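S.K.: Could you slot chain B onto chain A? The hints should help.
Chains A and B are the protein sequences, given in the same order. Those letters in the first sequence? Residues 1 to 281, per this note's numbering, in order. Those letters in the second sequence? Residues 1001 to 1426, per this note's numbering, in order.
In short, the hints are calculated from the structure, not lab data. In this text, all values refer to a predicted model and were calculated from it rather than measured experimentally. Be aware that one or more of the hints could be misleading.
Unchecked claim - One side only, chain A facing chain B, incomplete, derived with CB under 10 Å: (1) Leu162; (2) Lys167; (3) Lys170; (4) Phe171; (5) Gly172; (6) Val229; (7) Phe233; (8) Asp247.
As the list claims (entries may be wrong) - With a straight-line cut-off of 27 Å between C-alpha atoms, the simulated DSSO-like cross-links for lysine-lysine are: (9) B:Lys1151 / A:Lys100; (10) B:Lys1184 / A:Lys167; (11) A:Lys170 / B:Lys1310; (12) A:Lys100 / B:Lys1321; (13) B:Lys1305 / A:Lys167; (14) A:Lys35 / B:Lys1238; (15) A:Lys167 / B:Lys1292; (16) A:Lys241 / B:Lys1273; (17) B:Lys1292 / A:Lys97; (18) B:Lys1292 / A:Lys189; (19) A:Lys242 / B:Lys1294; (20) B:Lys1204 / A:Lys189; (21) A:Lys167 / B:Lys1238; (22) B:Lys1157 / A:Lys100; (23) B:Lys1155 / A:Lys97; (24) B:Lys1305 / A:Lys170; (25) B:Lys1269 / A:Lys242.
Note that the Cβ used here is the ideal one computed from N, Cα and C, for glycine as well.
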Amino acid sequence: MDNVLLNNTLLILLTLAVSLFYIISMTLYGADFFKGNVFAKTYKQPALIVTIVTHIAYIGFLTAPEGYKLSYSSSMLMSMVALTLAVIYMFIEFSTKTDKTGFFILSFSTGAEILASVLLLTSSGNGPAFSGLGIGIHLLAAIFSFSAIAIAGLYSFLYLLLFRQIKNNKFGFLFENLPNLEVLEQLIKHAVAFGFLFLTITLFAGVIGSIQTSEVINLFETRLLALIVIWLFYGASLFIKKLFGWDTIHMAYLLIFLFVLTATLIMLMSIFSPTFHSTSF
Amino acid sequence: MNIISVGVNHKTAPIEIRERVSLSEVQAKEFLTNLIDDGIAQEAMVLSTCNRTELYVVPGMPEVDGRYLKDYLIAYRNAHNEVRPEHFFNRFYCNTARHLFEVASAIDSLILGEGQILGQVKDGYRIAAEVQSAGILLTRLCHTAFSVAKKVKTKTKIMEGAVSVSYAAVELAQKIFSNLSMKKILLVGAGETGELAAKHMFQKNARNIVITNRTLSKAEALAEELGTNQVLPYESYKEHLHEFDIIITAVSTKDYVLTEPELQQSMQKRRLKPVIILDLGLPRNVDPEIGKLKNMFLKDIDALKHIIDKNLEMRRAELPKVQKIIDEELVGFGQWINTLKVRPTIVDLQSKFLEIKEKELERFRYKVSEEELKRMERLTDRILKKILHHPIKMLKAPVDTADTIPSRVNLVRNIFDLEEQNQRTK
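Excised from the complex, chain B in its bound form:
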């Protein structure tokens, strides 16, 4: 039983190609249903995110291979003109399992260790389960992938540390102040960057966030969204600078919005209590000279990128640990797959002994009482269980290579004369 995975992702194709083959939830359901109904797949799953569209398929016909599935997806999306098979990756069997484990653990992501991918893999499995295209193999594969991702998250630091500028700003603030809920924060600029930084601050329990913006209505809208409802008119916010412990600036302007004399005055008013200014604007919003003031921490995007680089480096250093976890789980998954191969023989073996038991008991059916017959049946059940215990254990035992499975199966089949059953199974 093989599992094939094909797909396009950020490593194999540019965004315009990824867009052409991506599937919405409705499309994914239709696509999976087609695969099953056409007999192309016994089992199938689609994982479609902004960075990848990948198929995981247990083929239903011998001719179904990677190339077949690529063509099928291109045809379904009617993307012959833009998308070529070379844009796809293609993996089989254990490499498919490894790939899904790597994807779920976020080590195959564009941003190493990003936190969204596991949820997206779970969504992919949910969709497959809803259209009943996830059978025993894909169900086991996905659940093992979830377990791998959980282990990776708890046992490694692959998901730790900020890897976005706005989140790095929060991480830095937390290294200076212990409790953001006690700090007063000023956000200058209610654009996308400012909004993101304010939301990250809010997630870390900062509640005293005051927003100022050239267009007051935008500031009010963001303040309402955050639930702080605190805004300051852009014309007068500088009069209140000394009240704030953290100032975030993210406005589009050529001139500095905060200058050194303004901040010097504000620092005197607050008796040199530390202040962090996070300048997220490009070009910079704050006069760099301000950074020289006592107890003033001025950090621009470049400084915050130092934090991001450090965190990414730390995440990369965790990769060997993640690979070790994946390798261990892969061995377990491989062994489980092998038990699938011996399952028909186990069933045949149990059927054969059951048949013998039934035949022998039948001979005594009218010679003994009903109670005695039940006792004999219980006795034979116990004997059969004990006789079959070792052969079944041997069949299920872990193997070094899949090549040893046929010889084991043949040995058991020959010893117990299971040829007929074998034919029947086939």
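Just chain A, same shape as in the assembly:
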């Protein structure tokens, strides 16, 4: 199968442009956070908006031949993760007026988009496009779940950093620029709640999708097992604080662990099964 991009100069340029825009946005957010650069402060948000709009247009161009349906390829999923992370971050920035964590979230977005571009430019195709409402919901919910897990993990990491800095009387630029501990805790809670909701949808939509395609559900299948384990952990983390009196520090460690676990599983599945659901759902 030929590489779909190599025959389309516009798509090649868009693929590179989207990655470049992510790098520019991340750099501007970083320059504002670390250096307090006035130019970066002024233009970081417009740059992010341009990046998101370009990315949506890019996804549109990429999926146009398949009737604007997303495919199961790792590159497409990574690209969607980058986009949803950026969109969720922008929503957080607008709703909480906190624009100091952008560098950390966008670093992950940028990494995901660069990886997506590399995978797309080197792979032989996009993989099959999904069909059916159940599978569509499963795929989108999975993307949003992973973004929520990533955000919860990243904010947990920032929470731990700030907590340690305050404890150890290190009042540097992280102390100066990060939102306060209570705000970070709220952001983590919201991310966990959304993550659990989308994981639940992913799980049930996946089961429904399998039933629709008459596929036998194998409970020992790696992807399903991984999804159930992460779903259980996330569900538990919603109540663990109240039930067992865990403090936010322990929660933060757990959420970082879950993020690393999820990212590792996705990476492994990307390597060993580049189209995720390659044969059928």
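M.R.: Below, chain B alone, put in the same frame as chain A:
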């Protein structure tokens, strides 16, 4: 036209000297009136705060210089025995303007970037305006200084961050809790330090402040002042420790007022919800072991000084930006001063052309109708305006050095034969 500034401040003299020459508002008004009435100054202003007493003077006589003004102030305050001219600084012309800009921007203050000085400079100008000792030069100088200070405040971080222990305590609390109005605060000790911390908390919307003190009446007085009206008896406040998110201690005692077992018990009761204890006492009021408890942030004065040092360092890093703003404004002010020097020539030039116009029109006064004469007058006005536009623009144009102004003025005077007017102006 020169501007002289002389004065004593925290950089030039110790507090006992500064006290001797400081002027109250009434004294400042009398002093300024004397300066003007005696012909010593054409314009004058006094800036007198706890850290400085400074005079800004446009001399009225050639012999008035820095030394003259220093002696005059020492004599006025009858401080010959303590204060010597060496205690004063002395600046002229552009350096005077630079100094006032630096003062108004709070970069000449004892605490870099402190917020009170601009108001004090405005007070100084108000006093001068009230006794009519602020003329065109000092008015422009002061308004430029206000504008500089405003730019510095909005475009730099020179005034950002806490630089006092009590304010640093609030800054720290805000880095842990997002909304102080939702937090319950306990103040142990109603002395000066505690009061200041409570007031800073109140300014940041903290309303649920409970005060305890050995002398209950003092606690009640402070609670009333803050409008919280919440006090706890000193003997029983420890029973309520678990209710508080922020505890501020500022009492004078040799023993710890809060110990580790007490706080451990309280943390269990509040299910490990974070607590900040701000120990502002010296010697310390709180057992340092408490800091090791889970979700407990114990900060003493030394820890808070880290915040102050960091903020001062940040403010110092802003100094080049502030100096750049001052330099830009200084150029603009210098150019405005230069336009003062060419103003008599512009007036002479306009008078000369007006005179010519009047003479020529006079010759036609009875030869044409009144309506035609008015039309001729309008025509000549337009012609004169266009002829004079370029010479006036050239005179007012910015110059690199003040030395080029006389040659410009002489050129225009020679071309338009303004010698007579020049003599008259002199």
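S.K.: Each hint: holds or not?
M.R.: These are the hints, each one checked on the structure:
Because the beta carbon of Leu162 (chain A) sits about 8 Å from the nearest beta carbon in chain B, less than 10 Å, this interface hint is met. A distance limit of 10 Å between C-beta atoms decides the matter here; for Lys167 (chain A) the minimum to chain B is near 7 Å, and the interface restraint holds. This hint holds: Lys170 (chain A) has a C-beta 8 Å from the nearest C-beta of chain B, less than the 10 Å allowed. Evaluation of the Phe171 (chain A) hint against chain B yields a held restraint, the C-beta minimum of about 5 Å falling below 10 Å.
A distance limit of 10 Å between C-beta atoms decides the matter here; for Gly172 (chain A) the minimum to chain B is near 7 Å, and the interface restraint holds. Checking Val229 (chain A) against chain B: minimum C-beta separation of about 28 Å lies over 10 Å; hint violated. The interface hint given for Phe233 (chain A) is violated, since its Cβ lies 21 Å from the closest Cβ of chain B, which is over the 10 Å cut-off. Because the closest C-beta pair between Asp247 (chain A) and chain B is about 5 Å apart, less than 10 Å, the hint holds.
Between the alpha carbons of Lys1151 (chain B) and Lys100 (chain A) the distance comes to roughly 25 Å, so the proposed pair stays at or under 27 Å and holds. Taken as a hint, the Lys1184 (chain B) and Lys167 (chain A) pair is honoured in the structure, with Cα atoms around 21 Å apart against an allowance of 27 Å. For the proposed pair Lys170 (chain A) and Lys1310 (chain B), the alpha carbon gap of about 9 Å is at most 27 Å, so the pair holds. Proposed proximity of Lys100 (chain A) and Lys1321 (chain B) is supported: the alpha carbons are some 23 Å apart, at most 27 Å.
Straight-line distance between C-alpha atoms of Lys1305 (chain B) and Lys167 (chain A) comes to about 14 Å, which keeps the hinted pair within the 27 Å bound. Under the criterion of a C-alpha separation no larger than 27 Å, the hint pairing Lys35 (chain A) with Lys1238 (chain B) is inconsistent with the structure, at around 45 Å. A threshold of 27 Å between alpha carbons decides the hint, and for Lys167 (chain A) with Lys1292 (chain B) the separation of about 9 Å falls inside it, so the pair holds. Between Lys241 (chain A) and Lys1273 (chain B) the alpha-carbon distance is near 11 Å, which keeps this suggested pair within the 27 Å criterion.
For the suggested pair Lys1292 (chain B) and Lys97 (chain A), the alpha carbons sit about 34 Å apart, so the restraint of at most 27 Å is broken. Between the alpha carbons of Lys1292 (chain B) and Lys189 (chain A) the distance comes to roughly 26 Å, so the proposed pair stays at or under 27 Å and holds. Note on Lys242 (chain A) and Lys1294 (chain B): the hinted pairing holds, with a Cα-Cα distance of about 17 Å set against a maximum of 27 Å. Pair hint Lys1204 (chain B) plus Lys189 (chain A) holds up; C-alpha atoms about 26 Å apart against a cutoff of 27 Å.
With a CA separation close to 24 Å, the supplied pair Lys167 (chain A) and Lys1238 (chain B) stays within the 27 Å bound. With a C-alpha separation of about 17 Å, the suggested pair Lys1157 (chain B) and Lys100 (chain A) falls inside the 27 Å cut-off, and the hint holds. Distance hint between Lys1155 (chain B) and Lys97 (chain A) is fulfilled; the C-alpha atoms sit about 21 Å from each other, no more than 27 Å. Annotation: proposed proximity of Lys1305 (chain B) to Lys170 (chain A) holds, straight-line Cα distance about 11 Å (limit 27 Å).
For the given pair, Lys1269 (chain B) sits about 14 Å from Lys242 (chain A) by alpha-carbon distance, which is consistent with the 27 Å threshold.
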